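> Start from chain P and add chain Z according to the hints.
Line by line, the protein sequences give chains P and Z.
Final position of the first sequence in our numbering is 485; the numbers increase by one with none missing.
Final position of the second sequence in our numbering is 544; the numbers increase by one with none missing.
It should be emphasised that the hints constitute simulated quantities derived from the structure, not laboratory data.
Be aware that a few hints might be false.
Calculated lysine to aspartate or glutamate pairs in the EDC-like style (CA-CA distance at most 20 Å, straight line) [unchecked claim]:
| # | chain 1 | residue 1 | chain 2 | residue 2 |
| --- | --- | --- | --- | --- |
| 1 | P | Lys56 | Z | Asp96 |
| 2 | Z | Lys125 | P | Asp116 |
| 3 | Z | Lys88 | P | Asp315 |
Please read these numbers as outputs of a predicted model, since none were measured by experiment.
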Amino acid sequence: MSSVATSEGAAVGGVPDAPVVMPRGRRRTEALMLVFSVGIVAFAYANVGFGLKGAPPAGMAGYMIAFTVLLVIAHLVVRWLAPWSDPLLLPLAATLNGLGIVMTYRLQEVGRDGNPGAMSVPLSTSATLIQIVYTAIGIGCFVAVLVLVREPRVLQRYTYLFGLIGLVLLALPALLPSSISEVPGTGAKIQISLGGFTVQPEEFAKLALAVAFAGYLVAKRDVLSLAGRRLVGIDLPRARDLGPVLIVWAVSLLLLVFESDIGTSAVFMGLFVCMLYIATQRTSWLLIGFALFVVGAYTASKLFSHVGERFDIWLHPFSGLNPSHNAFQLVQGLYGLGAGGILGKGLGAGQPYLTPLVQSDLVTTAFGEELGMTGLMAILLLYGLIVQRGLATSIAVKDPFSKVLVGGLSFMLALQVFVIVGGVTRLIPLTGITTPFLSQGGSSLVGSWMLIALLMRISDTARRPPPQPIQDEGMTQVVNLS
Amino acid sequence: MNRALRRVSIAVLFMFVLLLANVNYLQAFEADSLASKPGNSRAFDAQYQYQRGEIETADGTVLARSKYVGGTYKYQRQYPQGAEYAPVTGYDSLYGASGVESGENSYLVGNSSKLAVRNVIDMITGKPKKGATVQLTIDSKAQTAAWNALKSSGKAGAVVALNPQTGAILAMSSYPSYDPNQLAVLSGDQLNTNDKNLLHDPSQPLLNRAISATYPPGSTFKIVTSSTLFAQGKENQNSLVSAPTSLKLPQSSVSLINNDGEVCGNLGNGKATIITAFTESCNTAFANIGMQVGSAALKSMAERYGMNATSPTLNQELSTQVAKSNFPLEPAQSFTAMSAIGQKDDTVTPLQEAMFAATIANNGTLMRPYLVQQVQAADLSDVYTASPQAQSTPVSANVAGEIKQMMLSVVSSPDGTAHQFANAIPGVQIAGKTGTAQNGINNSGLNDAVFTCFASSGNRSMAVGVIIQGGGYGAAAAAPIAVDVLKSYLENG
Numbered sequence: 004m005s006s007v008a009t010s011e012g013a014a015v016g017g018v019p020d021a022p023v024v025m026p027r028g029r030r031r032t033e034a035l036m037l038v039f040s041v042g043i044v045a046f047a048y049a050n051v052g053f054g055l056k057g058a059p060p061a062g063m064a065g066y067m068i069a070f071t072v073l074l075v076i077a078h079l080v081v082r083w084l085a086p087w088s089d090p091l092l093l094p095l096a097a098t099l100n101g102l103g104i105v106m107t108y109r110l111q112e113v114g115r116d117g118n119p120g121a122m123s124v125p126l127s128t129s130a131t132l133i134q135i136v137y138t139a140i141g142i143g144c145f146v147a148v149l150v151l152v153r154e155p156r157v158l159q160r161y162t163y164l165f166g167l168i169g170l171v172l173l174a175l176p177a178l179l180p181s182s183i184s185e186v187p188g189t190g191a192k193i194q195i196s197l198g199g200f201t202v203q204p205e206e207f208a209k210l211a212l213a214v215a216f217a218g219y220l221v222a223k224r225d226v227l228s229l230a231g232r233r234l235v236g237i238d239l240p241r242a243r244d245l246g247p248v249l250i251v252w253a254v255s256l257l258l259l260v261f262e263s264d265i266g267t268s269a270v271f272m273g274l275f276v277c278m279l280y281i282a283t284q285r286t287s288w289l290l291i292g293f294a295l296f297v298v299g300a301y302t303a304s305k306l307f308s309h310v311g312e313r314f315d316i317w318l319h320p321f322s323g324l325n326p327s328h329n330a331f332q333l334v335q336g337l338y339g340l341g342a343g344g345i346l347g348k349g350l351g352a353g354q355p356y357l358t359p360l361v362q363s364d365l366v367t368t369a370f371g372e373e374l375g376m377t378g379l380m381a382i383l384l385l386y387g388l389i390v391q392r393g394l395a396t397s398i399a400v401k402d403p404f405s406k407v408l409v410g411g412l413s414f415m416l417a418l419q420v421f422v423i424v425g426g427v428t429r430l431i432p433l434t435g436i437t438t439p440f441l442s443q444g445g446s447s448l449v450g451s452w453m454l455i456a457l458l459m460r461i462s463d464t465a466r467r468p469p470p471q472p473i474q475d476e477g478m479t480q481v482v483n484l485s
Numbered sequence: 052m053n054r055a056l057r058r059v060s061i062a063v064l065f066m067f068v069l070l071l072a073n074v075n076y077l078q079a080f081e082a083d084s085l086a087s088k089p090g091n092s093r094a095f096d097a098q099y100q101y102q103r104g105e106i107e108t109a110d111g112t113v114l115a116r117s118k119y120v121g122g123t124y125k126y127q128r129q130y131p132q133g134a135e136y137a138p139v140t141g142y143d144s145l146y147g148a149s150g151v152e153s154g155e156n157s158y159l160v161g162n163s164s165k166l167a168v169r170n171v172i173d174m175i176t177g178k179p180k181k182g183a184t185v186q187l188t189i190d191s192k193a194q195t196a197a198w199n200a201l202k203s204s205g206k207a208g209a210v211v212a213l214n215p216q217t218g219a220i221l222a223m224s225s226y227p228s229y230d231p232n233q234l235a236v237l238s239g240d241q242l243n244t245n246d247k248n249l250l251h252d253p254s255q256p257l258l259n260r261a262i263s264a265t266y267p268p269g270s271t272f273k274i275v276t277s278s279t280l281f282a283q284g285k286e287n288q289n290s291l292v293s294a295p296t297s298l299k300l301p302q303s304s305v306s307l308i309n310n311d312g313e314v315c316g317n318l319g320n321g322k323a324t325i326i327t328a329f330t331e332s333c334n335t336a337f338a339n340i341g342m343q344v345g346s347a348a349l350k351s352m353a354e355r356y357g358m359n360a361t362s363p364t365l366n367q368e369l370s371t372q373v374a375k376s377n378f379p380l381e382p383a384q385s386f387t388a389m390s391a392i393g394q395k396d397d398t399v400t401p402l403q404e405a406m407f408a409a410t411i412a413n414n415g416t417l418m419r420p421y422l423v424q425q426v427q428a429a430d431l432s433d434v435y436t437a438s439p440q441a442q443s444t445p446v447s448a449n450v451a452g453e454i455k456q457m458m459l460s461v462v463s464s465p466d467g468t469a470h471q472f473a474n475a476i477p478g479v480q481i482a483g484k485t486g487t488a489q490n491g492i493n494n495s496g497l498n499d500a501v502f503t504c505f506a507s508s509g510n511r512s513m514a515v516g517v518i519i520q521g522g523g524y525g526a527a528a529a530a531p532i533a534v535d536v537l538k539s540y541l542e543n544g
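Next comes chain P alone, as it looks inside the complex:
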């Protein structure tokens, strides 16, 4: 295309325009990478069957066809609605989603059909099918976001509506009775469970609040970034501008206290502080936000036993009765990682079922055990690539709202991975949040696909070539009327 532009410029004969390097859509790259990710997932799926029974799993063909069809639909919709978007985001998300399905199948087979082991909470025999259905819903929502949000700036109009939706979704489980909202056995009130159908509203609240934060911060960024005094080299904001930070802080603390959901609380706080920093470039906001979170978490650890216990488990997992009681889950996960070693036991050949609830929060340890350090690092790099693509988009995009939104969403994904993977590998205290795309369950998967849709929508905007000025109209025709 650039060569065409050059030759056209030269054809005019006058001063040639500088050659404009036109970004390419790279949809073919995306298609090729999607073939690659379907290949990886199919290989892993077959591997589970061979690891367990020495034969490809029954029903593999059906699941893989369904998975492929869903990706083809997603790809076609991207070609239609976001042709300039980043070509790697969809294949990266698809690979993670596919590996999640594979692990769901692997864990579903535990203790069934003569396979070894027993899950602490067994998966239903249709868990894999359900996960595929969730994938379909996720990709449906991905398409819906691309269809409804043609321009990212449209979202900015509904800043306060999204804020309200986000808060309601967050608060809902805390207000509902425990029988509906508590995750069995964990004490965390983070879901709405009605008639066998479970939704974790926080997965969607995160997205709504990210949009609301971006809208608010872009509107107020001048006052937040300029007003204030300078003290020992740090620009301090005015006291009255602290309001929004304090409100978000308070909400995150309420989450901590009423829903026992430390991980999500940290993710919210991190998301907001990061967006505030991107919008204002003011380091003081980072410091204030971080200080508030640390103070809040420390106070909570002293006041509430369930928070303090998390710290004890983190610091002393192997001492006293911890390995067989409070720290049992973490310790079993660590044993799994250790058993996996460098190359892993192979899919279907490890014992991930020894770790309680391995299908949700600790799913990374299952991958670490069966795919080893090598596989787990590859998975972490897949996340890293998504985040990197998001951050690159936020630098490339011009519109401030999109910049703050996509920067915040990318950081949130990174933070979520850091909190949960860091938690299960004992880098930081373990707090139960889902692993995007990999954990068994619907809300997280659907929310993650919507996040990818937002990233792709904004990257489409960022990479879309500017409308071509009409350059070559030819000579103005002189018409002699006389």
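What follows is chain Z alone, placed relative to chain P:
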């Protein structure tokens, strides 16, 4: 805003680097330490994912093998010989192991550093991992003879037979015993039940009496007492020693008498030659000898025979089950007199009994007892072969010869305490010493029957120690068992 975004990107990069570094640390560097943490069932289950090595006797009888059963634990341990070999093999259960199963675990599992190179080659060539085969020194005929004899006696007791020239353990039997298959079950609940039953069984079947229990040696200790005296070089088997019918112990109201108050020898002057006193097992004579040489000399000699060893031999091969045979320094002459005839605080294991005879049979040199002859990797290459080692030389060949004469006399002389076995094995002369040890508070318990002996035929020789708890006379309860074991081994030479 881009400046802030770049900083956020660097922070994100840092977060991912931390995660990757931590995963490396955990899975590459910490894996071994995690695997050795208590309660790590993965590391534990891993042992059951491939075939554990076999345990077999010197003549190839399979004592323990792993059979494929499928399931979480792919292999189950089997002990085809059951209770007979339990004191040797021990068991390998879900919750722990004992005996050779425990002591040789690293070979049987295949994790020994000596197998590391082979394991890597097997991993590369895709050969399934298999533990190494451990071949013991046990002779299956001697073992069976010992087991059958103990079983038919019906009393608790144990037999240990040694090759005096090498120290190889030819038989090690303890009765009552247990079926190790009961502890090799793969169901935790079943295992708990079986284990509890065995632990609460009043007959203590799990106790390996051959090495883990100690008993008073009684008159068999006179071998050590004689050794102490002869080692001083002044006396020999023909020296006269005061052997009254009753001996009043110094600073004590107790008088020591010979068995049934018999007169020692036929000299009629209260004296007897040492060989006569030994043959008839006169207590007063050896009490006098003990007081003459003193407790320190007795203790020193007993230690050279292997007593008081704080880390007794065999510990590695059999885990830490070998009990210490005890001979403390006695504070009073009366106690020394008692200890010189194997009473008071003296205690020995049946293994120690066999070591007494083995020392004499090997001309005064005690060979270190061992149980593992050879370890063979799954590819049939030798990983380990035993090399006999001298443990100590308690007495000179000369003194050993004197004592051998006395021990032969115990069996061959018409007055000998074990002379009914003079022709028990045609063409074979048995050298032995009986012991009938009083025990319990105020000697209220039944006497323990003790016998230690050796014999050789052709190129085969064997030393045997037998203790039967509450068996009564050594010659009546212990000696027949020892003779059975000798016979089974020497006649099949």
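> Are the hints correct? Go through all of them and say.
Verification of the hints:
For the hint pairing P/Lys56 with Z/Asp96, the CA-to-CA distance comes to about 19 Å; that is within 20 Å, so the pair holds. A distance of roughly 16 Å separates the Cα atoms of Z/Lys125 and P/Asp116; the hinted pair therefore holds under the 20 Å criterion. Distance restraint check for Z/Lys88 and P/Asp315: the Cα-Cα separation of roughly 19 Å lies within the 20 Å cut-off, and the hinted pair is therefore satisfied.
Hint check: no violations occur; every hint is consistent with the structure.
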